[in-house]
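Asker: Knowing the structure of chain A, use the given hints to seat chain B on it.
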Amino acid sequence: MKRAEPLTQIQSVEPSTGSPPLPPATSPEATAPAEARSLLATAWMRIRRSKIALLSLCVVVAILLFAILAPVLSAMSGNDPYTSNTSPEVLDDFQTPGLPLPGYMYPSAQHWLGVEPGLGRDLFARLAYGGQVSLTIALLSTVVSVVLGTVLGAAAGYFGGKTDAIISRIMDLFLAFPHLLLVLSLTPILQSRLRDTPLGEGSFLPMASLVIILGFFGWAYLARIVRGQVLSLREREFVEAARSFGASHLSILFRQIIPNVMGVVLVYATMLIPTNISAEAALSFLGVGVKDPTPSWGQMLNAAQSGNWYLSDPWFLAVPGIMLVITVLAFNLLGDAVRDALDPKSSR
Amino acid sequence: MMTFILRRTGSLVLLLAAVSFITFTLFQLGPSDPAAAACGQECTPERVAEARVALGMDQPFFVQYADYIRGLFSSRMIGAPGAQTLCEWPCLGKSFQTNENVADIIGRSLPYTFSMAIGALVLWTITGVGLGLLAALRKGSPVDKFIVGAASVGVSLPIPVTGLFLLLLFVNQLHLLPFTTNEISSPFGPQGPGAWVANYLLPWIALAVLFSASYIRVTRTNMIETFGEDFIRTARAKGLAPRTVTFKHGVRAGITPVVTMLGMDIGLLLGGAVLTEQIFSVPGLGFTAVHAAISGDLPVTMAITMLAAFFVIVANVVVDLAYAAIDPRVRLQ
Numbered sequence: 001m002k003r004a005e006p007l008t009q010i011q012s013v014e015p016s017t018g019s020p021p022l023p024p025a026t027s028p029e030a031t032a033p034a035e036a037r038s039l040l041a042t043a044w045m046r047i048r049r050s051k052i053a054l055l056s057l058c059v060v061v062a063i064l065l066f067a068i069l070a071p072v073l074s075a076m077s078g079n080d081p082y083t084s085n086t087s088p089e090v091l092d093d094f095q096t097p098g099l100p101l102p103g104y105m106y107p108s109a110q111h112w113l114g115v116e117p118g119l120g121r122d123l124f125a126r127l128a129y130g131g132q133v134s135l136t137i138a139l140l141s142t143v144v145s146v147v148l149g150t151v152l153g154a155a156a157g158y159f160g161g162k163t164d165a166i167i168s169r170i171m172d173l174f175l176a177f178p179h180l181l182l183v184l185s186l187t188p189i190l191q192s193r194l195r196d197t198p199l200g201e202g203s204f205l206p207m208a209s210l211v212i213i214l215g216f217f218g219w220a221y222l223a224r225i226v227r228g229q230v231l232s233l234r235e236r237e238f239v240e241a242a243r244s245f246g247a248s249h250l251s252i253l254f255r256q257i258i259p260n261v262m263g264v265v266l267v268y269a270t271m272l273i274p275t276n277i278s279a280e281a282a283l284s285f286l287g288v289g290v291k292d293p294t295p296s297w298g299q300m301l302n303a304a305q306s307g308n309w310y311l312s313d314p315w316f317l318a319v320p321g322i323m324l325v326i327t328v329l330a331f332n333l334l335g336d337a338v339r340d341a342l343d344p345k346s347s348r
Numbered sequence: 001m002m003t004f005i006l007r008r009t010g011s012l013v014l015l016l017a018a019v020s021f022i023t024f025t026l027f028q029l030g031p032s033d034p035a036a037a038a039c040g041q042e043c044t045p046e047r048v049a050e051a052r053v054a055l056g057m058d059q060p061f062f063v064q065y066a067d068y069i070r071g072l073f074s075s076r077m078i079g080a081p082g083a084q085t086l087c088e089w090p091c092l093g094k095s096f097q098t099n100e101n102v103a104d105i106i107g108r109s110l111p112y113t114f115s116m117a118i119g120a121l122v123l124w125t126i127t128g129v130g131l132g133l134l135a136a137l138r139k140g141s142p143v144d145k146f147i148v149g150a151a152s153v154g155v156s157l158p159i160p161v162t163g164l165f166l167l168l169l170f171v172n173q174l175h176l177l178p179f180t181t182n183e184i185s186s187p188f189g190p191q192g193p194g195a196w197v198a199n200y201l202l203p204w205i206a207l208a209v210l211f212s213a214s215y216i217r218v219t220r221t222n223m224i225e226t227f228g229e230d231f232i233r234t235a236r237a238k239g240l241a242p243r244t245v246t247f248k249h250g251v252r253a254g255i256t257p258v259v260t261m262l263g264m265d266i267g268l269l270l271g272g273a274v275l276t277e278q279i280f281s282v283p284g285l286g287f288t289a290v291h292a293a294i295s296g297d298l299p300v301t302m303a304i305t306m307l308a309a310f311f312v313i314v315a316n317v318v319v320d321l322a323y324a325a326i327d328p329r330v331r332l333q
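Those sequence lines, one after another, are chains A and B.
According to the working numbering, the first sequence is numbered sequentially starting from 1.
According to the working numbering, the second sequence is numbered sequentially starting from 1.
Okay, chain A solo, but in the shape it has when bound:
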């Protein structure tokens, strides 16, 4: 990311007015030459100063590790997310058929978070593997949106004229559509079409369709922001210089323009992740996203609601619910922090 080109205004921006002024002697801002720092280093430097930002970063890393290490953690607990155990020793046979008996309902050495009602599967293993599914969908769909949004937004801003008019109108249209409704109605359709393709295998199908749909409907806002930035960037001297050396449009776009909007892109990517986590949860909760037996946090919420298990015991709602809230909150706070660190226009 270290480049010899002129700096963007993002890299040379002063700390936002909200942060306390630091004595110049101890401030890394003042001592290190701004040119030598990459975007991520700048972000890190600013984030390090805020306790909330640091804490949310730690929580985000912990959640990512929790999801990545799902197989290891489940193996440590001696369970897996798919094996059901409906024996009368585990699940109630009498009063509320299917409800785990007291010894299996809550955390224990054998089942770290108890077992699921109905099928008696290990909740901890499902939560960890579900995190893998939820976060993979959220991160990959964010990548799709970010790539589409950056390239289309940059192309609109750079080429201007007809290209800009067409892309901008498409952006307007995408922003006008009620996302959840459209995503909701198109997901089953896409799934039925993908079923016969290599993407359509088993548990992979709902994940692939969610990534495609959430990614495809999430790029417009970012594209609009990137377009705005590029409109001013394309007039800058370094672009002129590249052009005079005979660089092609594509080369200028990808090697001069896009690297310079990465700050804004990073900010909006961080804010898109929690949106996509919530969207996955919403769709799976509604029964059109990830479906049983594949676990995801939305699917676990769906399982807690179906059969009104959460009314029998709030625990079944609390396990995926709290995990989801903590994750979205941590990503949101981190997004705020990244924005404060990198976006010169943020006013906080």
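Heads up, some of the hints might be wrong.
Pulled a few chain A residues facing chain B out of the computed Cβ check, cut under 10 Å [claimed, not checked]:
#1 Ile52
#2 Ala53
#3 Pro107
#4 Ser278
#5 Ala281
#6 Gly298
#7 Ile322
#8 Asn332
What the hints contain is simulated information worked out from the structure, not anything from laboratory work.
Don't be surprised by glycine CBs; every beta carbon is placed ideally from N, CA and C.
Answerer: Coordinates of chain B only, in the frame set by chain A:
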């Protein structure tokens, strides 16, 4: 002003046409086969072919689209030649599931969605703007920090979690409120406004928690910015009462972004609060859309998606017009 309105309305019509066309394309030509969906699970190739004829899908795409749009303006015949039935105006096709006119289904769902939207709107505007203003007035104080913190948590609460939690607490545990019924769709029904409020209070709260959080943030940021402007200092220097400065000068100037947001959110919500309606079993547009989507009832999902997009676009224009009426700078453009 007049030309502004005309131009905006003109672009509105164009955008609506584009939205209807794109929705139609996505559902008809896109990655779907409406005929197979209409035909159901056990379907032979012959029956799919029959279904294609019945749906008019043997016609060229543009003819199908033109037929669909024609239904918006007049009644038309629908179905296979020989077995045609009348689809009364406004014709949005017929449900694959019940063969009912889609416009009737939508008409039946709308009152529920309106009930959901109105109460939630009032609730979140009052709490969102009120708390945002309070935080801005007490900037930097513990009150401000608490409100900002609460707003951060609020935007991070997914509706399924809040909704189920509210149901669990107020209906199941405390027995304070009844579970929502689909018998009450307006405050003027036989049960009276009290029952209407009790019926929709929890969905309103669930929506308001999420929405008011972002209103708090926007109100606070804009009010802090406005309170720093010169005209506020001038008003203070003139010796006006602090209350007058805050409300007559500050709020009026700083509230415009909130008005924009409100307009957009009303548009969004009128298209159906999908999750909230589903959780509380309120049979509005969102609820209907979920069930239509799951059962592959394309005409219903398509019509609701289109309608929801229409609401958003119209809200957009209304906001622009309201802006032009409030702010003289907009009028000049």
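Asker: Each hint: holds or not?
Answerer: Hint check:
1. Given the 10 Å rule on beta carbons, the hint for isoleucine 52(A) holds: about 9 Å separates it from the nearest Cβ of chain B.
2. At a threshold of 10 Å, the smallest CB-CB gap from alanine 53(A) to chain B is about 12 Å, leaving the interface hint violated.
3. Taking 10 Å as the C-beta contact cut-off toward chain B, the hint placing proline 107(A) at the interface is violated, the least distance being around 20 Å.
4. For serine 278(A), the suggested interface contact is upheld, since its CB lies about 5 Å from the closest CB of chain B, less than 10 Å.
5. For alanine 281(A), the shortest C-beta to C-beta distance to chain B is roughly 5 Å, which falls under 10 Å, so the interface hint holds.
6. For glycine 298(A), the interface hint holds, since its Cβ comes within 10 Å of a Cβ in chain B; the closest pair sits about 8 Å apart.
7. Hint status for isoleucine 322(A): holds, given a least beta-carbon distance of 8 Å to chain B, under 10 Å.
8. Below 10 Å, beta-carbon pairs count as interface contacts, and asparagine 332(A) has one with chain B at about 5 Å; its hint therefore holds.
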